[in-house]
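> Taking the hints into account, I'd like the entire structure generated from these sequences.
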Amino acid sequence: MLSLALTGVEVGFPGLDTPALNIPRLGVAAGGQLAIAGPSGSGKSTLVNVITGLERPGAGRVLWNGTDIARLSESARDRWRGANVGLVMQDFHLFPGLSALENVLLPARLARVADRALAARAAGLLAEVGLHRPAQKVETMSRGEMQRVAVARALLRRPGVIVADEPTASLDPVNGTAIGALLVGLARRSGATLIVVSHDPALIALLPRRLTLAGGVVHHDVTEPA
Amino acid sequence: MLRFILADLGRMKAGALVIVALVALAVALGVAVTLQERALRLGSARAADKFELVIGAPGSETQLVLSTVFLQPAALPLVGGDVLAALHDDPRVAWAAPVGFGDFHDGTPVIGTTARLISETAPGMAQGRMFATEGEAVAGALTGLAPGDEITPTHGELGNDHENVRYRITGRLAPTNTPWDRAIMVSIQSVWRVHGMAAGHDHAEDEAHGSFDPDAEGPRQSADHDNPESAAQHLVEGDGHGDLDSAEQEHAQDEGHGSFHPDATLPEYEDWHGAPGVPAILVKPATIADAYKLRQDYRAQEGTMAVFPAEVLTGLYATLGDARQVLAAVAAAAQALVAVALLLVTLTHVGQRRRQIGALRALGAPRGAIFAMVWGELFALAAAGIALGLGAGVLAARLLSAAIAQRQGFQLPVTLTTGDLAGLALLLALAALLSALPAWLAYRQPPVASLRG
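Line by line, the protein sequences are chains B and R. Residue numbering for the first sequence follows numbering that gives the first Met the number 0, beginning at 0 and increasing consecutively. Residue numbering for the second sequence follows numbering that gives the first Met the number 0, beginning at 0 and increasing consecutively.
In case anyone wonders, no lab produced these hints; they're calculated from the structure. Quantities reported herein were computed from a predicted structural model and do not represent experimental measurements. Ideal Cβ placement from N, Cα and C applies to all residues, glycine included. It is possible that some hints are incorrect.
Said to hold, decoys possible - Stretch by stretch, here's where chain R covers chain B in the computed footprint (C-beta under 8 Å, at least three residues):
1. 69-77
2. 82-95
3. 98-108
4. 117-124
To be verified - Residues from chain B that keep clear of chain R, each with C-beta distances beyond 12 Å, as calculated:
5. Pro38
6. Leu62
7. Ser189
8. Arg209
9. Val221
10. Thr222
This is how it looks when you write it as structure tokens:
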């Protein structure tokens, strides 16, 4: 349950006059659900990188519950991200040769935080996303199943925020709808803040607040009344 | 972590196998060269162990040693029988025995010597007993002959049969792990007789002066003399001559091979006075000091040469050592080449995995874990290659030794020393260091690379 506050964030690229991202002020309440849309090159990915700590902005502050992750060291940001961010990516990034359960546990194991309780939680999460063969090798799974594994992995360490980058873009409509509903439902139940980058109208429609980026600046910021 | 590394290697099985094989081959090359050279040194030192001092006629010291210790066929000049007699009577000598070669049976050298030499140099009989008459012979451990077998020697390795000369094997020796295991031993007296130069024979005087020149006696050259290899050893100056002692004349007529008496018992006491020439005399000095004195005396004496086989071999090893160094350098260069090639491959590989590595980081894996993973994977491959290479190198050296033992009859003991293991440990350390380079690159990889191509 993390609240986000961006102030004066600017990300520039060498050789470009206008910054790739320029957000003077943006806030997301703890437990809020936000969709970010916009054409490619509009700064969506850069925004995701900045709020997850993958990229340090050239200027500005990125406050998560008051912690400015832009000022953390690289290792500290890795640690912070591991503990607080559940990441779901377009290409799943599952590791072949490992089972669904092992994939869910891998980042936690590499960070040396996996214990028996977490392993049990991983199995429970797999069941929750609708997978009943935790020992199945991921390379033998369908794309829909793979994204479910990735969703379970994102939720493992009870992150305060779930960030999904085009989670449905590489899925067929049926699976896309299912994954979208799963994400929104799981985030709501766990109380985690949910930030989804997508141009999938069906998925965007599930989220109450929609942000549209264009040319690195916020173009629209609409919240549907509940 | 381990599961992940294993799964990852399992995914790239073919590539991983090629890398392990490359490392293993390069390591095996170095190991085999080192081990084989050492085995050769150890093996030949052991073969020469019982040959403290060898006396022969002036000529090549190396050839004298190679012919006596390793039974390498060669035409050696003869040293006079009086030298043998003098050595026998010398108080500085524990025992001295003649060694006469030149005859073969099926490629196996037939050596004329004494029962004393055999019992002093071999650990004992494995089967049967020592020869007691001129027609009896003792077989080396690896000749494949057993008591009761009969052999006919040929003159030279590919030469003509000594017709009607038959030796009966009475015993087989326990292995000495020297080339002598592949030889058949007969009494020197019988060799002299077969070649028509028995003691008391009027040619004995002629022989005693030493150097032998086959061309000097042109008319008597026989077919096998034309081939320098088969003319390995010629004790044979009396060959075909009829002017023998009257007692031996009847045999001379029907055999043309001197006077071979298969049933003639050997003298109980060795008395070499008036003995014919021999190519080499093996001497066991009474003390080390005597050994040096004897060598000095027989070096100074006209018509003789005295060598310590161990010393001659040391000289050979020095040459061998140079060859080993060249080979070792080649092996090291091969290892360096493999290391560079692997570094290139792994750097490319890490580059190709930027996204995967970035994703792990994005998902919260610490940088240290990424480093450990890449490093662990590479080091595991290198270590497996080094371990396999060690095994393959030892195996190759063993097989080579076995092949040489099969052909030459002398053991080349393959031994690993702590020095070898230290060398391999160094190689492992180097592999660990080299593996760290791609791992460092992976460590430095920004996690942003993971999201979307």
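> Run the C-beta distances from Val221 (chain B) to all of chain R and say if the shortest one exceeds 12 Å.
Since the minimum Cβ distance to chain R is about 25 Å, Val221 (chain B) lies beyond 12 Å and the statement holds.
> With a Cβ-Cβ cutoff of 8 Å, does the segment 69-77 of chain B contain at least three residues near chain R?
holds (count 3)
> Are all C-beta atoms of chain R more than 12 Å from that of Pro38 (chain B)?
The claim holds: Pro38 (chain B) sits with its nearest Cβ about 14 Å from chain R, beyond 12 Å.
> With a Cβ-Cβ cutoff of 8 Å, does the segment 117-124 of chain B contain at least three residues near chain R?
Not satisfied, violated; 0 residues make the cut.
> Just checking, Arg209 (chain B) versus chain R, shortest CB gap more than 12 Å?
holds, 21 Å
> Can you take a look at whether the segment 98-108 of chain B is actually covered by chain R? Rule is 3+ residues, C-beta closer than 8 Å.
holds (count 5)
> Mind verifying the non-interface call on Leu62 (chain B)? Its CB should be farther than 12 Å from each CB in chain R.
At about 20 Å from chain R, Leu62 (chain B) clears the 12 Å cut-off, so the statement holds.
> Would you say the segment 82-95 of chain B counts as covered by chain R, given the rule of at least 3 residues with C-beta under 8 Å?
holds (count 9)
> Please settle this one: Ser189 (chain B) was flagged as non-interface, so is its CB more than 12 Å from every CB on chain R?
The claim stands: Ser189 (chain B) keeps its Cβ more than 12 Å from every Cβ of chain R (closest is about 17 Å).
> Is the nearest Cβ of chain R still more than 12 Å from the Cβ of Thr222 (chain B)?
holds, 26 Å
Hint compliance for this structure: hint 4 is the single one not met.
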